[in-house]
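Based on these hints, arrange chain B on the given structure of chain A.
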Amino acid sequence: MTEPLVSVSDLRIGATTDSGRRVEIIKGVSFDIAPGEMVALIGESGSGKTTIALSLMGHTRTGCEIDGGTIRLGTSEITAMTERQRAELRGTKVSYVPQSAAAAFNPSKRIMDQVIEITTIHDLMPRAKAEARAVELFRALALPNPDTIGSRYPHQVSGGQLQRLSAAMALIGSPDLVIFDEPTTALDVTTQIEVLRAFKAAMAESGASGVYVSHDLAVVAQIADRIIVLKGGEVQEEGDVEQIMHAPSHPYTRELLSAFEPKLHASPASKEARPRPIIEVRDLCAGYGHMRNGEPLAKVLKNVSFRLERGRNLGVIGESGSGKSTLARAIAGILPPYRGDVLIDGQEMLPDLAKRSKEELRKSQIVFQLADTALNPTHSIGAILARPLTFYHGLKGRERERRVIELLDMVQLPAAIRHRLPGELSGGQKQRVNFARALAAEPELILCDEITSALDTVVAAAIIDLLKELQRELDLSYMFISHDLSTVEAICDEVLVMYKGEVVEALAARDMTAKAQHPYSRLLISSIPQLDTDWLSSLEQDPELVKQFALR
Amino acid sequence: MAPSLLPWFYVVQRFALALLTLFIISLTVFFACQLLPGDVAEILLGQAATPEAVAGLRTAMGLDEPAIQQYVNWLTGFLQGDLGTSYANRIEISELIGGRLVNSLKLAGVTTMISVPVALTLGILAAMYRGSALDRVISIFTISIISVPEFMLATFAVLVFAVWLGWLPALSLSSAEAQSWGELLKAYAMPVISLSIGVSAQMIRMTRAAVIETINTPYVEMALLKGASRSRMVLRHALPNAIGPIANAVALSLSYLVGGVIIVETIFNYPGVAKLMVDAVATRDLPLIQSCAMIFCVSYLSLITLADIVAILSNPRLRK
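Sequence lines, in order, name chains A and B.
Heads up: the first sequence runs through residues 4 to 555, numbered per the working numbering.
Heads up: the second sequence runs through residues 5 to 324, numbered per the working numbering.
So that you can see chain B by itself, here it is in the shape it has in the complex:
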């Protein structure tokens, strides 16, 4: 193989692996849902249903077919964009999720735009001036944030900004209908603040660790012995070699934004996918649960795969 094609070979390999993982996840999600107790038709029709009605509904919903067949139907539908129909309210799931997904992505997007630059800057600064007062302040901040559970942070934010200060609304429901920029800002502020703080703390620590590791290498000492300034040593010599680990740290933290925001969305009553999934569990809406789970897995996988690809492309040994 031509050496210049080698990185792309690894990229394709990563994609193939991601697809395989996704397939295994779809199996797990589907059959895990099958294990849930209770017959869907009985639940839907309520206690007064006649056995004939239940049997009729089961046939209509395709629940009589073998599990494998149901899985194949669901997967082919899923691949064609047909996510099925919600059990609870007979609405197309794609319709139910569509708006919610946009909301969740908006939240994740705003949080990313704020937290990534802040986290990288602070992480690199902490590494650059290791042992200094700045480094200690950043470290104390990040360690205390990491050790506080998410719901505590969110609840504190409500207590401080909504209850005591009264600056921001405690609920985020209005964000979709926000008219002006000010209102939009207000609607997003609380969930974004809680999410950004938690997510950045992790990224700061991991960025700092990745940069410090490269600062301790002989080639950074060599740069020092060439008379390079500290910022040149870190930015020109250490950082390019820390891109791989940093990209992974960022991806890990961000993937949490899509899948792990359940608590934050629930506390602020934010109409995102995670909130939808929590509601779906309450109503035993299996197709909806499956679809939400798949969406979380897809976003998680794409972020991790993206980070791997960045790491592959930034590896000089694979360049021509």
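Okay, chain A solo, but in the shape it has when bound:
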């Protein structure tokens, strides 16, 4: 076997918390990377995958420090180097592709200046040569207008293009090792495909080794040679992609894989004929900006119509900018629609939230994506849940306290949690509280806006199970907005596919993959990465279709 390019042995990284406590976040991690090999670091948030990846560049984020172990890259002992020596390695021997290129590009400098900055810092080549090399890389990464794209500012190109430009930025110094830190997580699925293909081709051409940090096993299966599964700062399992996918030995790996198994939603058989739909929407139009002649400047929703029977769930899928969150906001009246009708339980709703009666408000509740921003950080959980109880039902004192405990019990949280602040809870717990707040009103319809998107797969699956259970007990209907098709399949009966503010197709969730007719629905469904190492290379999409619909 050849000498590995990178050897990490017994790496320990500690962090100092705000209260001054020392905690160990990486607990003795060891692994090697062979020349030309792509190794994936897989794990959930808090598993330490990004911390390990950054330590390969000799960098730790504020508050963290390498406490022990060694990192060797080529002939350099990174752990023994001074900051100045490490700075010399960065960009030339090891480089970085960030999670969000949109944030990692300096908004006030032209793209070209930033892409070739590594050659300027390390004095690698004259500017003209660097620019020529950059254009070559742009071409290799399949970027449009490779000759001129460099003269633009970052806000003038799309997210998927920026992500590929950041790969050009990483490759310009011909590094031996490239670190990819969740580089496609923030992208839409149809964009992700092209970016992954470009990365794969560029890496094959450069012959460099790579570290690919991700939480998504299906994405990793397409690009990595070997997978290291991390949890709580420790290596759980390490092996070839095929072995991890098909013969995982560690229970945690199996748990991660099981989140991928399709769980089709079996709707509880309708007990009796329901008199009227829980929600009906007719020709709904909404938008943002100045109103002119009764129409807003930026029209987002265009004539959206649908109806949902009581006790059933509607999924709304689409990519960023498709108007799915706007739909929820328009139904709830947060963004009053300028045309069209919303009927909840047969009652026509006034467009503006402020003009609706308390009883109308009670019937439909909305749950937002980020519990962090939806829950007031200075209020205790008890106070957060008590407020809607007083508002809608006039509860006070001991009775209200009893109901708060009951609500916490419904979302499977201990009663004692009501004395805590949102900041003291985990992401999954916060989302449960967020959901309990909606339940406090005793609604009949709950609008869920991407409520599992910010959660780890295992936590998200538990939330979905909770939602189903509550539906059985409380006779709820959900409108479930998500960009994640498998989540929608797991809980919904019907699905609306949205594209640029319009519903392009409405179909039953169970045969979404098989029966989707509209070309955009087909493109979207075929773009979901599968747990199959050959999926990306064998995937064929009609280039015309991609050109027409993919939001690149």
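The set of hints was computed from the structure by calculation and includes no laboratory data.
Please note that a few of the clues may not be correct.
[What the hints assert, rightly or not] Sample of chain B residues lacking proximity to chain A, with all beta carbon distances greater than 10 Å (derived): (1) Leu23; (2) Leu26; (3) Ile28; (4) Glu56; (5) Asn77; (6) Val224; (7) Ile316.
[To be verified] Pulled a few chain B residues facing chain A out of the computed Cβ check, cut under 8 Å: (8) Pro55; (9) Arg62; (10) Thr221; (11) Pro222; (12) Tyr223; (13) Met226; (14) Leu228; (15) Lys230; (16) Ser233; (17) Arg236; (18) His241; (19) Pro320.
[As the list claims (entries may be wrong)] Short, incomplete list of chain A residues facing chain B, as computed with Cβ under 7 Å: (20) Glu120; (21) Phe263; (22) Pro354; (23) Ala357.
The beta-carbon is built from N, C-alpha and C at its ideal position, and this holds for glycine as well.
Structure of chain B alone, referenced to chain A:
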């Protein structure tokens, strides 16, 4: 609209807003002065005046006209450069203010030239080496200065430099007649020192905060991961994105120089506009008070508008 014209559209919009604000200020200043107690004609003629004399003077001064008419007269005069006549000594106000304004602007100019470069350098250095000894020294200095009131600083400066050391004159009256550079320096030293210290302390803190905010962004971390040195990270990546907030911090601090120097001018008896306004209040010289107030507002507004325009032009999203 062509995208390249967009920033200029916002600039024009800012100017229009500034003019509107100025109009509202002129209304406020004029009618606030009208609310002051006492009849001007009676005050001017003294207690021995006959009612006929008072009535005659009122007509002559146009005080019989409705307030709106008086306001329109005053504003049109003001726009044509006619600031009116002082009640107290019958001198044209423009004449009274002219020399004083030059003096005040000189003081402000010298203070700006000293404080802005010093403050920006120290603020950026403090941000660059955050948490270091240098940063702590600068922070302790600025916080203690900000918490000391202006008149304390000025009085201390008099006590130390004029009374104990005897290096500088306690009064600045002679500055207008200063003959040599040395004398000029001496005349300005005290007010400039007191003003610069107060003004820079604020600018240092706000510059430091603005730069630190941009240092914490992912694109500055990205620069670090490209192997950039600390000075490159701060000067090339963080600073260009902090120009907007810094320009605002500088404008806010400097606007204080023109309007808020009343205490310093009074303590050092410096013959500037602020001193003039204080004297005008003592003699109930309404036209003079109005004119001084307008001058302060105009300078304040122009600085803030300038800062906004810098922020607009430095925003890359508005570039083509």
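Structure-based check of all given hints:
Look at Leu23 of chain B: its CB is around 23 Å from the nearest CB on chain A, clear of 10 Å, so calling it non-interface holds up. No beta-carbon of chain A comes within 10 Å of the beta-carbon of Leu26 of chain B; the shortest separation is about 27 Å. Ile28 of chain B, annotated as away from the interface, keeps every beta carbon of chain A farther than 10 Å; the closest lies near 24 Å. Non-interface status of Glu56 of chain B relative to chain A is upheld: no Cβ of that chain comes within 10 Å, the nearest being about 61 Å off.
Asn77 of chain B, annotated as away from the interface, keeps every beta carbon of chain A farther than 10 Å; the closest lies near 40 Å. Its beta-carbon lying about 8 Å from the closest one in chain A, Val224 of chain B breaks the requirement of being farther than 10 Å from that chain. Even its closest Cβ contact with chain A, about 13 Å, leaves Ile316 of chain B beyond 10 Å, as expected for a residue assigned away from the interface. This hint is violated: Pro55 of chain B has a C-beta 60 Å from the nearest C-beta of chain A, more than the 8 Å allowed.
Here the hint on Arg62 of chain B is broken, as its CB sits about 51 Å from the closest CB of chain A, past 8 Å. The closest approach between the C-beta of Thr221 of chain B and any C-beta of chain A is roughly 7 Å, which is under the 8 Å cut-off, so the hint is satisfied. With its C-beta approaching chain A no nearer than about 4 Å, Pro222 of chain B sits inside the 8 Å limit, and its interface hint holds. This hint holds: Tyr223 of chain B has a C-beta 4 Å from the nearest C-beta of chain A, less than the 8 Å allowed.
The beta carbon of Met226 of chain B is positioned within 8 Å of a beta carbon in chain A (closest approach about 4 Å), and the interface hint is therefore held. Using the Cβ-Cβ criterion of 8 Å, the hint placing Leu228 of chain B at the interface with chain A is satisfied: the shortest such distance is roughly 7 Å. Nearest Cβ of chain A to the Cβ of Lys230 of chain B: about 5 Å, under the 8 Å cut. The hint holds. The beta carbon of Ser233 of chain B comes within 7 Å of a beta carbon in chain A, closer than 8 Å, and the hint placing it at the interface holds.
Nearest Cβ of chain A to the Cβ of Arg236 of chain B: about 7 Å, under the 8 Å cut. The hint holds. With a cut of 8 Å, the hint placing His241 of chain B at the interface with chain A holds, because the nearest CB-to-CB distance is about 5 Å. The beta carbon of Pro320 of chain B is positioned within 8 Å of a beta carbon in chain A (closest approach about 4 Å), and the interface hint is therefore held. The interface hint given for Glu120 of chain A is met, as the beta carbon of that residue sits about 6 Å from the closest beta carbon of chain B, less than 7 Å.
For Phe263 of chain A, the suggested interface contact is broken, since its CB lies about 30 Å from the closest CB of chain B, more than 7 Å. A distance limit of 7 Å between C-beta atoms decides the matter here; for Pro354 of chain A the minimum to chain B is near 31 Å, and the interface restraint is violated. Because the smallest distance between the Cβ of Ala357 of chain A and any Cβ of chain B comes to about 30 Å, over 7 Å, the interface hint for this residue is violated.
Comparing the model with each earlier hint shows violations of hints 6, 8, 9, 21, 22 and 23; every other hint is respected.
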